[in-house]
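**Q** Chains A and B are the protein sequences, given in the same order.
My numbering numbers the first residue of the first sequence as 1 and each following residue consecutively.
My numbering numbers the first residue of the second sequence as 1 and each following residue consecutively.
No lab work stands behind these hints, which were simulated from the structure alone.
Beta carbons: idealized from backbone N, C-alpha and C, even for Gly.
Incorrect hints may appear among the rest.
[Said to hold, decoys possible] Derived Cβ-Cβ restraints for the label pairs, each shown as a range:
1. B:Gln101 x A:Val121: 44 to 52 Å
2. B:Lys167 x A:Arg103: 38 to 46 Å
3. A:Ala172 x B:Gly143: 14 to 22 Å
4. A:Ala39 x B:Gln308: 56 to 64 Å
5. A:Ala173 x B:Pro372: 32 to 40 Å
6. B:Asp123 x A:Glu50: 18 to 26 Å
7. A:Phe156 x B:Ser218: 19 to 27 Å
8. A:Leu128 x B:Pro372: 56 to 64 Å
9. B:Asp123 x A:Leu231: 46 to 54 Å
10. B:Gln308 x A:Asp302: 40 to 48 Å
11. A:Trp159 x B:Asn225: 49 to 57 Å
12. B:Asn225 x A:Leu128: 28 to 36 Å
[What the hints assert, rightly or not] In silico contact screen, one side only, chain A against chain B (beta carbon under 10 Å); selected entries:
13. Lys154
14. Gly162
15. Phe266
16. Leu267
17. Thr339
18. Arg340
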Amino acid sequence: MNSEISETVEAASAGEVAARVSAPPRVTPRAWEVAGLLALIAGACLLPFELSGFRLFQFTQVFVYAIALLGLNILTGYNGQISLGHGAFYGIGAYTAAIMIDRWGVPYGWTVPVAGVLCLVVGFLFGLPALRLEGLYLALATFALALSVPQILKHFDGWTGGSQGIVLSRPAAPLGLPLTADQWLYFLSLGVLLVLFMLGWNLLRGRTGRALVAIRDNPIAAEAMGVNAALYKSLAFGVSAAYTGVAGALSALAIAFVAPDTFNVFLSITFLVGIVIGGLASISGPIFGALFIQFVPNYAQDISKAAPWAIYGIFLIVFMYVMPYGVSGFLRLAWRRLTRATAGTRPK
Amino acid sequence: MSPRSRALALVVTLCLALAHGFSYAADPGVTATEIKIGNTNPYSGPASVYGTIGKGIAAYFKKVNDEGGINGRKINFITLDDGYSPPKTVEMVRRLVEQEQVLFLFQTLGTPTNTAIWKYMNDQQVPHLFVATGATKWGDPKGHPWTMGWQPTYQTEGQIYAQYVLKNLPDARIGILYQNDDYGKDYVKGFKDGLGDAAKKMIVMEQTHEVTDPTIESQIVNLKNSGANVFFNVTIPKFAVQAIKKARDIGWKPVHLLNNVSNSVGTVLKPAGIDASKDIISTFYLKDPTDPQWKNDKGFKDWSAFMQKYYPDGNTADLFNVYAYTVPQTLVHVLKQCGNDLSRANIMRQAANIKDLALPMFLPGIKVNTSPTDFYPIEQLQLARFDGERWVLFGEIFDAGGKHGM
Chain A
1 MNSEISETVE AASAGEVAAR VSAPPRVTPR AWEVAGLLAL IAGACLLPFE LSGFRLFQFT
61 QVFVYAIALL GLNILTGYNG QISLGHGAFY GIGAYTAAIM IDRWGVPYGW TVPVAGVLCL
121 VVGFLFGLPA LRLEGLYLAL ATFALALSVP QILKHFDGWT GGSQGIVLSR PAAPLGLPLT
181 ADQWLYFLSL GVLLVLFMLG WNLLRGRTGR ALVAIRDNPI AAEAMGVNAA LYKSLAFGVS
241 AAYTGVAGAL SALAIAFVAP DTFNVFLSIT FLVGIVIGGL ASISGPIFGA LFIQFVPNYA
301 QDISKAAPWA IYGIFLIVFM YVMPYGVSGF LRLAWRRLTR ATAGTRPK
Chain B
1 MSPRSRALAL VVTLCLALAH GFSYAADPGV TATEIKIGNT NPYSGPASVY GTIGKGIAAY
61 FKKVNDEGGI NGRKINFITL DDGYSPPKTV EMVRRLVEQE QVLFLFQTLG TPTNTAIWKY
121 MNDQQVPHLF VATGATKWGD PKGHPWTMGW QPTYQTEGQI YAQYVLKNLP DARIGILYQN
181 DDYGKDYVKG FKDGLGDAAK KMIVMEQTHE VTDPTIESQI VNLKNSGANV FFNVTIPKFA
241 VQAIKKARDI GWKPVHLLNN VSNSVGTVLK PAGIDASKDI ISTFYLKDPT DPQWKNDKGF
301 KDWSAFMQKY YPDGNTADLF NVYAYTVPQT LVHVLKQCGN DLSRANIMRQ AANIKDLALP
361 MFLPGIKVNT SPTDFYPIEQ LQLARFDGER WVLFGEIFDA GGKHGM
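All chains should be built: construct the whole structure from the sequences, respecting the hints.
**A** Okay, here's the thing in structure tokens:
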């Protein structure tokens, strides 16, 4: 049974066999991966009926962070461009949702795609001048973006409510579904997460993904092979910003409040921590990264109220030391060792 | 307590609990032996200087518990770090309300952070008491009947300077410098409300600055050139120092009204220069622990003993630690007044029913007063003039009672 599924999946992508030789590695899912994924999704759909509203709120935040982290991972993990400013796109997404709902009375469902499109455009435009900046210089330019956004938000206080922010109402479940606001937001962000992860996976395993990785690994060789580096780099910036913007809009709905100082430099750095901990250039990495940035600060606080960030720092160092390729890299390695070991002992 | 009287107390408590029915059993966070109170504070992050308030309050509740608690109930004070980040505040407050099942929130700190949970607390109908911020919006018994502030608001303070001007400086030509955000605008609104019709005539210039500006020197020059003889200075310490220095350097000697955000002798007046700071006017409602006039005051001595025994790490020159001692005293008063009906509704009723409560570290004459239509506990302040060494209180206590929301 398993091998059947595996064969059909292999067959479906047979046309891409040649392409699969180059990175990113492993472009087709195996049967156990599909089964595992389905089990995970099924589990995630059952959780809301088991957990308290507060826990659901926490997991909703995990999904929201995971979307933002996938966005940043496209840029930094796959394309090698370091951004210290993704908190800014998250903020733009959040304010887009808040202003549309509060000032213009737009139904909240529209705000999430609009935030994504707006951030796509802003990210693409920001990506154009950023083309001239490499590595650390780009990091500094995005850092400047992160620094300026809270102040820009405060400046246009007619729209943004200044430093008071904007208070929203949490959306209730539509169509008379018998769900609480917490359950509905959980499913909404889970749904958006799944759609965006499918899209991201499709984007990254094909031509585009290969082009992004080629530019990261050797830009000169990539250009020599005919990859339009300028276009792909700006595109990566735009798509990355769009993901983060969608996450920001969802966070505004879940928290039901936006204020400029939420979207500070520290948020951007938290995102960077998330993708590195989760695993650079991996699709599952953002989930692990999101779990880390959501829960570890809380555990750190439970361990020591006097120095929570010192404890957090210790967690970070331990994670980096034990799992130098992030959680997803660690799991992949562990799985390979396990399968190799069992393959060796299995009688043929 | 002897074993027999303890048993008696237990029986009495049980009978009382039964006699009251289980009216309060419906609300979580209270048992016959415990009251669970939730709080968030910025122990980390950009505003961690305020973290001492959370620690000081926890220390005070420890003292209360050591002395037997409130009506036999010990206080279980759960304080969590939100790093001054509104999303974290929402998460931590939901944990406190839904998971820890606290009876109510007390002294959650910060304006943006409290704004983030404002609607939630009122939807949940959980008391959101004595929030630690000077914004004016917390006194809204109609729209937000579960939320109440504590300290004098920025608008109250602005009104008090206005009253002083009207009474003592009829020929005032006022120049204002304020930070261009809610904090600055709140002060200016209170000041203009207080001046009333005279505002248009008296205020000759308003200058603003952004919190990110490197310097405010050009604003001071503009204010001098406007011919102002009264300077209302609404700035945080960094800019207050610059303003005092620059005014002296260019020979501008107005009557200088300095907001109490920046009236610290150590961090503002001394760095700006004692000579330049002489005769500046500001306001107080708590006893400044560095002021020698309280050396033999009983309230001050008790506070010193408390700091030594329960919060030895705390800075005894820090006015925040006086604040952290006084605000839980207000809460203890409310809880005692609740008697045995510790329902959330009754806690709000009693919090809105405080009459002339004077506390040991208030300046003499300052009192807490609330009513079902007045959710501004402290609306009095006293003016003080800096004599080159310390603040000298003068005049009578100004009262802005009932003048909010004009």
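**Q** Compare the structure with each hint and give your call.
**A** Going down the list of hints, with the structure as the test:
1. B:Gln101 x A:Val121: 44 to 52 Å: Distance hint for Gln101 (chain B), Val121 (chain A) holds at roughly 46 Å.
2. B:Lys167 x A:Arg103: 38 to 46 Å: holds, 43 Å
3. A:Ala172 x B:Gly143: 14 to 22 Å: Distance hint for Ala172 (chain A), Gly143 (chain B) holds at roughly 21 Å.
4. A:Ala39 x B:Gln308: 56 to 64 Å: With a Cβ separation near 60 Å, Ala39 (chain A) and Gln308 (chain B) satisfy 56 to 64 Å, so the hint holds.
5. A:Ala173 x B:Pro372: 32 to 40 Å: holds, 36 Å
6. B:Asp123 x A:Glu50: 18 to 26 Å: holds, 24 Å
7. A:Phe156 x B:Ser218: 19 to 27 Å: Hint holds: Cβ distance 24 Å, inside 19 to 27 Å.
8. A:Leu128 x B:Pro372: 56 to 64 Å: Because 60 Å falls inside the window, the suggested range holds.
9. B:Asp123 x A:Leu231: 46 to 54 Å: Since the Cβ atoms of Asp123 (chain B) and Leu231 (chain A) sit about 49 Å apart, the hinted range of 46 to 54 Å holds.
10. B:Gln308 x A:Asp302: 40 to 48 Å: Given a distance of about 30 Å, which is not inside 40 to 48 Å, the answer is violated.
11. A:Trp159 x B:Asn225: 49 to 57 Å: violated, 34 Å
12. B:Asn225 x A:Leu128: 28 to 36 Å: This hint is violated: roughly 46 Å between Cβ atoms.
13. Lys154: holds, 7 Å
14. Gly162: holds, 6 Å
15. Phe266: holds, 8 Å
16. Leu267: Cβ of Leu267 (chain A) sits 8 Å from chain B, so the hint holds.
17. Thr339: violated, 39 Å
18. Arg340: For Arg340 (chain A), the interface hint is violated, since the closest Cβ of chain B sits about 42 Å away, which is over 10 Å.
Figure legend: structure checked against the earlier numbered hints; hints not met, in rising order: 10, 11, 12, 17 and 18.
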